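Participant: Single-letter residue listing:
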Amino acid sequence: MRLSELPKGAPAVVDRVHDAHAADPIAQRLRDLGFVDGEPVRVVAVGPMGGDPVLIQIGFTRFALRKAEASRVSVRSEAAA
Amino acid sequence: MSASTLRIALVGNPNCGKTALFNLLTGGRQKVANYAGVTVERKEGRFTAPSGRVLQILDLPGTYSLDANSPDEMITRDVCAGNYPGEAVPDLIVCVADATNLRLHLRFVLEVKRLGRPVVLALNMMDTARQRGIVIDVPELQRRLGLPVVETVAVKRGGAQALIERVDGEVPAAAPVQPDDAASRADLHAQVRELLAATLTMPRATAAIDDTLDRWALHPVFGLAILAVVMFLVFQAVYSIGKPMTDAIADGFDWMGGHAATLMPAGPLQSLVTDGLFGGLGTVLGFLPEILVLFLFIIVLEESGYLPRAAFLLDRLMLSVGLTGRSFIPLLSSFACAIPGIMGTRSITDPRDRLTTILIAPLMTCSARLPVYALLIGAFIPIRYVFGVFNLQGVVLFTLYLAGILGAMLVGWVMKHIRRDKSEHALMMELPSYRVPKLRDVAIGLYERGMIFLKRLTGVILGLTVLMWFLSTFPGAPEGATRPAIEYSFAGYIGRGLQYIFAPIGFNWQISLALIPAFAARETAVAALATVYLVGGEAAGGLGHALAGQISLASALSLLVWFAYAPQCMSTLAIIKRETDSWRNVAISFGYMFVMAYTASFIVYQVARALA
Ligand SMILES: Nc1nc2c(ncn2[C@@H]2O[C@H](COP(=O)(O)OP(=O)(O)OP(=O)(O)O)[C@@H](O)[C@H]2O)c(=O)[nH]1
Ligand SMILES: [Mg+2]
Chain C
1 MRLSELPKGA PAVVDRVHDA HAADPIAQRL RDLGFVDGEP VRVVAVGPMG
51 GDPVLIQIGF TRFALRKAEA SRVSVRSEAA A
Chain Z
1 MSASTLRIAL VGNPNCGKTA LFNLLTGGRQ KVANYAGVTV ERKEGRFTAP
51 SGRVLQILDL PGTYSLDANS PDEMITRDVC AGNYPGEAVP DLIVCVADAT
101 NLRLHLRFVL EVKRLGRPVV LALNMMDTAR QRGIVIDVPE LQRRLGLPVV
151 ETVAVKRGGA QALIERVDGE VPAAAPVQPD DAASRADLHA QVRELLAATL
201 TMPRATAAID DTLDRWALHP VFGLAILAVV MFLVFQAVYS IGKPMTDAIA
251 DGFDWMGGHA ATLMPAGPLQ SLVTDGLFGG LGTVLGFLPE ILVLFLFIIV
301 LEESGYLPRA AFLLDRLMLS VGLTGRSFIP LLSSFACAIP GIMGTRSITD
351 PRDRLTTILI APLMTCSARL PVYALLIGAF IPIRYVFGVF NLQGVVLFTL
401 YLAGILGAML VGWVMKHIRR DKSEHALMME LPSYRVPKLR DVAIGLYERG
451 MIFLKRLTGV ILGLTVLMWF LSTFPGAPEG ATRPAIEYSF AGYIGRGLQY
501 IFAPIGFNWQ ISLALIPAFA ARETAVAALA TVYLVGGEAA GGLGHALAGQ
551 ISLASALSLL VWFAYAPQCM STLAIIKRET DSWRNVAISF GYMFVMAYTA
601 SFIVYQVARA LA
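If you read the protein sequences in the order shown, they are chains C and Z.
full-length UniProt numbering puts the first sequence at residues 1 to 81.
full-length UniProt numbering puts the second sequence at residues 1 to 612.
Derived by calculation from the structure, the hints in this document are not laboratory data.
Owing to the predicted nature of the structure, the values given are computational and were not obtained by experimental measurement.
Glycine included, each C-beta is placed from N, C-alpha and C at the ideal position.
Be a bit skeptical, because a hint or two may be false.
[Stated by the list, open to error] These stretches of chain C come out as covered by chain Z in the derived footprint (C-beta under 8 Å, 3 or more residues):
(1) 21-33
(2) 38-50
(3) 59-67
All chains, full assembly: derive it from the sequences and hints.
Facilitator: See below:
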């Protein structure tokens with residue numbers, strides 16, 4: 001499942017970040033921010049218009065990501081981890 | 001002495017307190033605020049350590065990674081690597097990390113360590129960390145990292161003592177240089193996890209208060225309602241608190257001007273003092289309270305951490321007009337002044353987003369326009385209460401601000417369609433912890449703003465006002481003149497020449513003339529009008545009164561709209577040139593705003609006249 005599809009509040013862990021195209025700087029930055037295998041994530045809030053952007057809790061930090069950015073991150077539910 | 005100068009660079013993730021630390025160390029007054037991307041250029045300061053050694057400190061923009069992808073991050077990358085033009089590699093890197101956010105910040109520390117330069121780690125925000133029950137085993141962290149680690153509280157006097165002692169001592173040995181590739185980067189995260197497992201006890205990943213506040217502030221319905229209320233309160237307050245003080249100051253200056261006049265013989269000198277200095281400058285100075293009230297709100301909002309939340313709520317709207325949520329904060333700074341706003345766009349990754357933001361930033365109503373608005377609203381809009389609570393003057397002011405915002409959205413939307421831009425725009429914005437602003441910081445911030453205003457007043461505005469007085473006074477009327485003397489002055493001729501352009505939008509010659517000095521500094525329009533009317537002997541009872549008798553409501557509305565959109569202020573155009581390195585962008589910016597202002601004023605004037 002992609003992070004952009006994760007329901008609000010559901011605990012999950014990151015699987016990996018997919019490059020949208022070769023040498024995708026957004027994907028690389030997401031990895032630097034801590035979106036790496038095994039990292040717990042949660043959707044804390046969604047934007048008022050069309051549920052975009054989403055607010056992600058990762059580590060001790062909250063990041064606002066647009067859906068296009070969040071969809072680069074694949075996640076699995078915590079139970080399956 | 002210079003042989004023993006130690007050059008130190010402050011680096012770290014955004015919003016970890018580098019600038020606060022810089023200010024504490026050097027006694028500087030650089031801008032500190034609670035969101036990522038406040039510092040966008042390199043700033044230098046120095047201080048003398050207890051040992052007598054001079055330390056030169058560099059404050060740098062925050063960055064999440066040395067793999068930079070926006071102009072501000074590139075500065076930090078280049079300084080660290082010794083590639084920054086005119087800047088040698090720093091002798092020592094002080095890596096600043098937020099102790100409440102180590103999962104993110106330690107990764108960057110490890111990345112910096114791999115540069116193979118001497119590094120000291122400053123664990124900042126230790127006060128908040130302690131409050132939240134976060135325990136860090138510093139000796140163990142130091143041992144595992146192989147770097148000296150000190151604790152700091154950048155917002156407390158003496159909070160950098162441990163850091164000063166450490167950097168004043170021997171420069172620590174550098175770690176070996178390590179290559180930077182995808183595999184070793186992934187490895188950094190594994191190292192951070194190990195470090196945290198061994199040294200950190202964190203009762204809760206986030207502050208409980210942040211979670212509670214965000215439940216309301218980011219709520220799809222309440223969140224937007226809160227945002228609307230906050231914005232509206234600001235404009236109400238500008239009027240309700242600022243206006244009475246402005247009136248008191250204006251009365252004071254009238255009284256002083258009157259007194260000064262009695263002490264001097266009648267003649268040009270007396271006219272310069274009463275009409276130019278007390279009348280012109282005094283009128284502008286009177287608007288200082290309004291400006292300070294506006295800044296009070298801006299400073300409190302900036303420090304609270306609410307602004308990135310507002311950006312989150314509005315991101316989708318911004319996207320629809322070709323902007324990014326990241327444009328929000330530069331645009332908001334533009335309400336103070338477009339210049340820091342335009343510089344703030346350096347934190348925007350995407351160059352097209354950045355250019356759009358730069359081009360529309362001058363449409364945000366800057367504080368220099370406030371005196372003009374306040375003057376005209378005070379003279380033409382009655383004090384009346386709408387729905388029993390909203391002051392009509394406040395409502396009109398709010399509408400003008402809104403007009404600027406809507407205009408900016410329109411321009412953004414048009415640019416997006418001209419470019420047929422379908423590409424992706426990134427957001428990736430960190431939401432910081434909420435903080436209660438410290439009274440002392442707010443007071444210092446206000447004092448700084450007040451001083452900037454007074455410097456402008458005694459500098460450029462004074463100069464222009466004296467010039468306007470000169471132009472309105474000389475040459476005097478010829479023998480046997482039938483019309484008022486001022487109509488024979490330079491000012492009269494220039495103003496009437498300009499009127500050919502501006503008559504269709506309802507400006508008389510005095511207003512047309514005042515637009516010229518307004519191009520150097522907008523507030524001067526007020527001083528210039530005051531001087532012209534005073535010299536013309538038509539300003540009894542204050543400038544507002546004179547205007548109300550001289551021009552129609554339609555002209556006043558047209559002038560308000562003109563100021564909302566007009567290309568003004570040379571400094572803004574100069575900064576656009578500097579930041580985009582293109583005269584073409586300056587021309588586009590000037591051109592579109594002139595057309596927009598003229599068209600909007602024309603429509604408003606003609607419609608208002610038809611209705612009157
Ligand atoms: N409680 C507490 N707050 C701090 C401390 N240091 C900084 N702050 C606050 O943290 C926020 C960020 O401070 P800045 O100094 O602007 O951070 P910066 O690292 O320069 O940020 P950028 O320039 O955006 O990279 C501000 O709200 C400061 O008041 C600290 O030691 N304790
Ligand atoms: Mg800073």
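Participant: Does each hint fit the structure? Answer for all of them.
Facilitator: Hint by hint, here is what the structure shows:
1. 21-33: Our answer is that it holds, as 8 residues pass the Cβ test (under 8 Å) against chain Z, meeting three.
2. 38-50: With 8 residues close enough to chain Z, the hint holds.
3. 59-67: holds (count 8)
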